[in-house]
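K.L.:
FYI, the working numbering numbers position 452 of the sequence shown as 452, with every residue one higher than the one before it.
You may find that some hints are simply not true.
Claimed, not checked - Under the rule of at most 30 Å between Cα atoms (straight-line distance), these lysine-lysine pairs were calculated in the DSSO-like manner: (1) K219 / K275; (2) K80 / K187; (3) K330 / K256; (4) K330 / K382; (5) K80 / K103; (6) K80 / K117; (7) K382 / K187; (8) K254 / K420; (9) K330 / K275; (10) K417 / K152; (11) K275 / K415; (12) K330 / K219; (13) K284 / K417; (14) K388 / K64; (15) K64 / K330; (16) K80 / K364; (17) K364 / K64; (18) K382 / K364; (19) K123 / K382; (20) K123 / K364; (21) K152 / K80; (22) K330 / K284; (23) K254 / K284; (24) K152 / K388.
To be clear, the hints were calculated from the coordinates, so they are not data collected in a lab.
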Amino acid sequence: MVLGMLALSLLAMPLLAACGQKDAPAPAPTPAPAPKPSPAPAPKPSPAPAPKPTPAPAATRTVKVGYIAGFTGPLAEGTKEAFAGAKAVFDWANETNYIPGLKVEMVSGDDQYQAAKVMQAYKQIQAEEPIAFLSYPAGNADVLKEVMRRNKTPLVNYGGGNFSIDPPGWVFVTVAMYDTQQFAVLKWINENWDVAREGRPARFAHLAWDNSMGTSSIKPGMLYAEQLPLVDYVAAEVAPSGTMDFTPYITRLKQKDPDFIYMALVTPPAISAVKTGIAMGIPKEKFMYFDYVTFMWGAMLRAVGNEVVEGAFVGTSFYHYTIDTPGMQKFWGIWDKYSGLQRPVGLAALVGYNPGLVLLEGMKRAAATTGADKITGEDIYKALQTIKDFNPGTMVPVTFGPDIRDGAREMLIYKVKDGKIYLVGDVDKPIDGGNPHPSEILAAAAAAAAKK
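The task is simple: from the sequences and hints, build the whole structure.
P.N.:
Take a look at the structure:
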C-alpha cells in the first residue's frame, strides 16, 4: 500500500511542478531572410534596323553620234585632227558624267571629200542608228539636209552653203557661212582701206573651185560690194573641182591687178594657187587665207614656208592658238588628255571640237527636259534651237533659233607673222558679216529684178 502511494506521488510531482509555473511566451519566429534582389536582366539589344537597300545607280544609256568626213583624200590630215577634236569632247563628257545617265559613242564614215560619196558614208553610219550627226567639210551640209529632215536626225556641221540653212531645217552650222565670211571681209576692207594714200577703192578678187564653198559667196558678195564705197569686186575665177594647175585663172586675175585675192579653197589647191601667183609676180601679201586653209595651216607652211605667207591676212570664226582664253585652256586640257594626238596640231582640231561642244550642249539641254533615257534626235533638234550666245571661248558666240541655222555670223581677222597667225583688233569685237545678212541682199536684188 505504502509502495503504491509512493509511486503515485512520484508520478504527480512533475505535473504539480508544471502547474506551478507561468506560461512562457512562444519564441518569436526567426524572420525569413530578406530575399536577395534578383539582378535585372541585361537589356536585350534592339535589333539593328535592316539596312535600306542602296538605290541602284541610274542606268547609263549609250547613244551614237555619226561623223562624216574625208578621212582619205585631200582633207585627210585635217579630218584626222577634226575627228580627234570631236571625239575628245565626248570622251571628256563621258568620263566627267557631263550628262548624267548618258554616254556617247562616235561612229564614222569616209566621203573622201567627194560630194558623190557623202550619201554612201551616211548610209554606212545610219545602220548604227545614231541620234545625231557631225560632219566636215562644210559642203556635206547641203547634201545631207533633206535626209536629216526625213529621218529626224539633227546635223551640227562646221560650215555650209545657203541651201543647208534656207529654209531652216535639221542642219545647224557653227562657223560663219561662206557668204557671211565674205561679207565680213568686204566690210573689214571697206573700213580699213587707206583711200587717202591709194587714191582709189580697193580691188577685190575671188578664186575658188566649183563647189558650194567656192561659189555660194560670189553673187551676194558682188551685190554687197556695190554698197561699199571703198571696195570694187573686180573678178571671180572658178576652176573645176579638183583643179591643181591654176595658171589660166591666175593669169586672168593678174590682169585685174587686185589688192586682195580671196581664196575659197582648201589647203592643197591653195598651195598650188599661191605658188603659181608668186611665180607670176603677184605679191604674196595679196593672197587671203580663210577657214578652209587655216584648218590645215601646218600643211600650208610645210609646202610653202613661213616667208611665202608672211604679212598675209587670215580670217575665221575660230580663235587661233595665239589667243589665250579660259576656253582655249580648257580645249588644250581636253585635247591633251583625250585626243590621242600630240601637239602641234592644226586649227582643224577646233573644226571637230567646236561643233562637238555645240551638239553636246544641245544634248544636255534635251536630257534635262526629256530625260537621258528618253531623248531622241527630235528632242536634240528642239534643244539646239534654244541656244543663244553660247560662247565656248574657242570661237565667236553661237546663236540658233526657230528660224536661225547659221549660228555664227562674225569673223576675226588675223595677220601672219613668222608663220603664226595673230589677231588684228580685239577678240571681243569680231566683224559682223550677218548685218546685213546675205539672204537679205539676195532677196532685195530679186525683188528689184522682178519690178523691171
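K.L.:
For each hint, tell me whether it holds in the structure or not.
P.N.:
Status of the hints after comparison with the structure:
1. K219 / K275: The hint holds at about 27 Å.
2. K80 / K187: Not satisfied, since the Cα-Cα distance of roughly 34 Å exceeds 30 Å.
3. K330 / K256: violated, 46 Å
4. K330 / K382: holds, 27 Å
5. K80 / K103: holds, 22 Å
6. K80 / K117: holds, 18 Å
7. K382 / K187: violated, 34 Å
8. K254 / K420: holds, 27 Å
9. K330 / K275: This hinted pair is violated, its Cα atoms lying about 37 Å apart.
10. K417 / K152: violated, 46 Å
11. K275 / K415: holds, 19 Å
12. K330 / K219: Not satisfied, since the Cα-Cα distance of roughly 39 Å exceeds 30 Å.
13. K284 / K417: holds, 13 Å
14. K388 / K64: holds, 25 Å
15. K64 / K330: holds, 24 Å
16. K80 / K364: OK: K80 and K364 at ~26 Å, within 30 Å.
17. K364 / K64: holds, 14 Å
18. K382 / K364: holds, 12 Å
19. K123 / K382: Judged against 30 Å, a Cα distance of about 24 Å means the pair holds.
20. K123 / K364: At roughly 26 Å apart (the allowed maximum being 30 Å), K364 and K123 satisfy the hint.
21. K152 / K80: holds, 28 Å
22. K330 / K284: violated, 35 Å
23. K254 / K284: OK: K254 and K284 at ~12 Å, within 30 Å.
24. K152 / K388: holds, 22 Å
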